[in-house]
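Top line first, the protein sequences correspond to chains Y and E. Its first residue numbered 1, the first sequence is counted upward by one per residue in the working numbering. Its first residue numbered 1, the second sequence is counted upward by one per residue in the working numbering.
Among these hints, one or two may not hold up.
As the list claims (entries may be wrong) - Dumping the calculated DSS-like pairs for lysine-lysine here, alpha-carbon to alpha-carbon at most 27 Å: (1) 81(E) to 177(E); (2) 278(E) to 177(E); (3) 262(E) to 152(Y); (4) 262(E) to 252(Y); (5) 278(Y) to 278(E); (6) 320(E) to 195(Y).
What the hints assert, rightly or not - A few chain Y positions that, by computed beta-carbon distances, are all more than 12 Å from chain E: (7) 48; (8) 72; (9) 82; (10) 133; (11) 183; (12) 209; (13) 214; (14) 229; (15) 277; (16) 313; (17) 330; (18) 336.
No lab work stands behind these hints: they were computed from the structure. A virtual CB, placed ideally from N, CA and C, is assigned to each residue, including glycine.
Listed below, chain by chain, are the residues.
Number of protein chains: 2
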Amino acid sequence: MRLAVDVMGGDHAPDAILDGCKQFLESDSFSDAELLLFGEEAALKRFAEENTALMNRVHTVATTEVIGFDESPTAAYKKKKDSSMVRAFESVKAGEADCVVSAGSTGALLTGATLTLRRQKGVKRPAIATLLPTTTGGCVLLLDCGANTDCKPGYLQQFAIMGKAYMEKVTGIENPKIALLSNGTEAEKGNALTKEAHERLSAMPDIQFVGNAEARELMSGNFDVLVCDGFDGNVLLKGFEGAAKVILGLLKESLYSSIRGKIGGLIAKPAFSTVRKKLDYKEYGGAPLLGVNGGVIKAHGSSDRRAIYNALRQAHTWVKSDLVTAIGESISNTEIAED
Amino acid sequence: MRLAVDVMGGDHAPDAILDGCKQFLESDSFSDAELLLFGEEAALKRFAEENTALMNRVHTVATTEVIGFDESPTAAYKKKKDSSMVRAFESVKAGEADCVVSAGSTGALLTGATLTLRRQKGVKRPAIATLLPTTTGGCVLLLDCGANTDCKPGYLQQFAIMGKAYMEKVTGIENPKIALLSNGTEAEKGNALTKEAHERLSAMPDIQFVGNAEARELMSGNFDVLVCDGFDGNVLLKGFEGAAKVILGLLKESLYSSIRGKIGGLIAKPAFSTVRKKLDYKEYGGAPLLGVNGGVIKAHGSSDRRAIYNALRQAHTWVKSDLVTAIGESISNTEIAED
């Protein structure tokens, strides 16, 4: 298999990206994978010189442009034909690679996925999914996390289908429990969108729909997939992120505000880092984009070496599992009422 | 002033409610307030016997029905004419009291507010607001937190107006900064609702609109009021609640999983309780319902004595500040385009 890496995407590109690639190439678990690196010539040259032993599984493609976080994603993607991201997508479209891995602009990545790779047959809207840990030691897939801010019930039905395929193929959870994000667990709770979606999901024979879930249940382990529109997914995800920051910050502050606290803090330090690690998105790789003709893994913009390594690991599993075919089949096997 | 208390509402009613009332009555700060207690005869009788010294500022009204959390709010409110909640609302409508305080069903409370007290002139939709702490030592008002799951841009404009009035009158923050919850800080980010609302809020001369805010900023102190539809407000609030539970739980777990941790845990214990206290909704009283003809404070369903005491304290400030009049004026002074 071949993974196309956007070496120039992300806050710490190109170094952190290339360090992650190095770690990936050095691991025995992925010896069946080759990397297609798209980025500025100098950086790629340096990488090649420093890692001669690995280069038999690396193909470098020098690119002259970079899509920044500050520019309009769609315009930039259309204009910068020789950018590392566009070239990476082109390589997957041309069949030279199976999956794009990028820590670049989410908007540009979405544009590339839909413009270059195009939606899979029957897919109404591609979705960005995020894998999160649960307190029961498992994981939960939240989608959509921001690709579609205004959704119709039919989109949410397909998010459920794609989420199910992902959990079965990539994480190996058979017949995952699907929940719908709402403002109450009762079936009658929700807004116009979720009420209609609830009815439709309840009527889908191939989905194990467990009903509405409240935001507070996100990491409860009560379900394997949580479906919502991209606006709410973003609110939930960033809300959680903010809460974690606030709480750990407050704890530290009050721990270190007293001598007794200082000692406690020092002793408790390992616990803090354990929790931080448990909650760290970097441990869980990137966010897969589901519903397009090819693999796309969006790594966090602030990805470091470890985050990129995990994103590549995830891309590897993705390609091995042939998720795209699986999604294509379940989508075409499921009839969705007009919205 | 007179506060009408629904003694039978909440998980710990009537005892926790009456204990909160006792504490409120015993405080010198509220000697200008009388309480109108609505609840089952036996409980009120016991309270009267045990607190003879306080009864000169207490009026008890025996009621025979209770609205439970499990029944359909609207139906229950319409049917149970002699319930503690309905009678409390009736007393405010009749001018016998100025504000309802209840830890009962939110849905029933909303029904009572709109059916019995009725919307203020010009108010499109009443909103439930929640006051939260910020990391900068201040507080932020989030609304709507669940009264309206499907909103129009005009509703959000009025939430901003009502939120501003609340912060100015009740917390004393002049010309508060108003932000709009969205999936990105840039003006062009958002869904159909927030994009339109953003434009409208930007054009309101009497509002200090600071633009879009992401969910992660909730407690940042970057703004004093955060406006959103009731569905997203619920997701944000409960998501935060869930995150706090998960994080503190994980920390405890890993702290106590090692001897070293155990010691650290014991020493760090005070810090934990400080943070819990800081994040505890009970400290901040209840959630005011804005936009109806009379005061309504919704205390958390699981309210204990302290939560009820704080809800009463909040009701006291509310009535003193004559918020209803202030909201009425700002609403009638602001033209809102048709949705």
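Hints, verified against the model:
no., hint, result
1, 81(E) to 177(E), "42 Å, violated"
2, 278(E) to 177(E), "23 Å, holds"
3, 262(E) to 152(Y), "50 Å, violated"
4, 262(E) to 252(Y), "17 Å, holds"
5, 278(Y) to 278(E), "24 Å, holds"
6, 320(E) to 195(Y), "41 Å, violated"
7, 48, "38 Å, holds"
8, 72, "9 Å, violated"
9, 82, "27 Å, holds"
10, 133, "9 Å, violated"
11, 183, "4 Å, violated"
12, 209, "19 Å, holds"
13, 214, "5 Å, violated"
14, 229, "8 Å, violated"
15, 277, "10 Å, violated"
16, 313, "24 Å, holds"
17, 330, "27 Å, holds"
18, 336, "21 Å, holds"
Checked against the numbered hints above, the structure violates hints 1, 3, 6, 8, 10, 11, 13, 14, 15; every other hint is satisfied.
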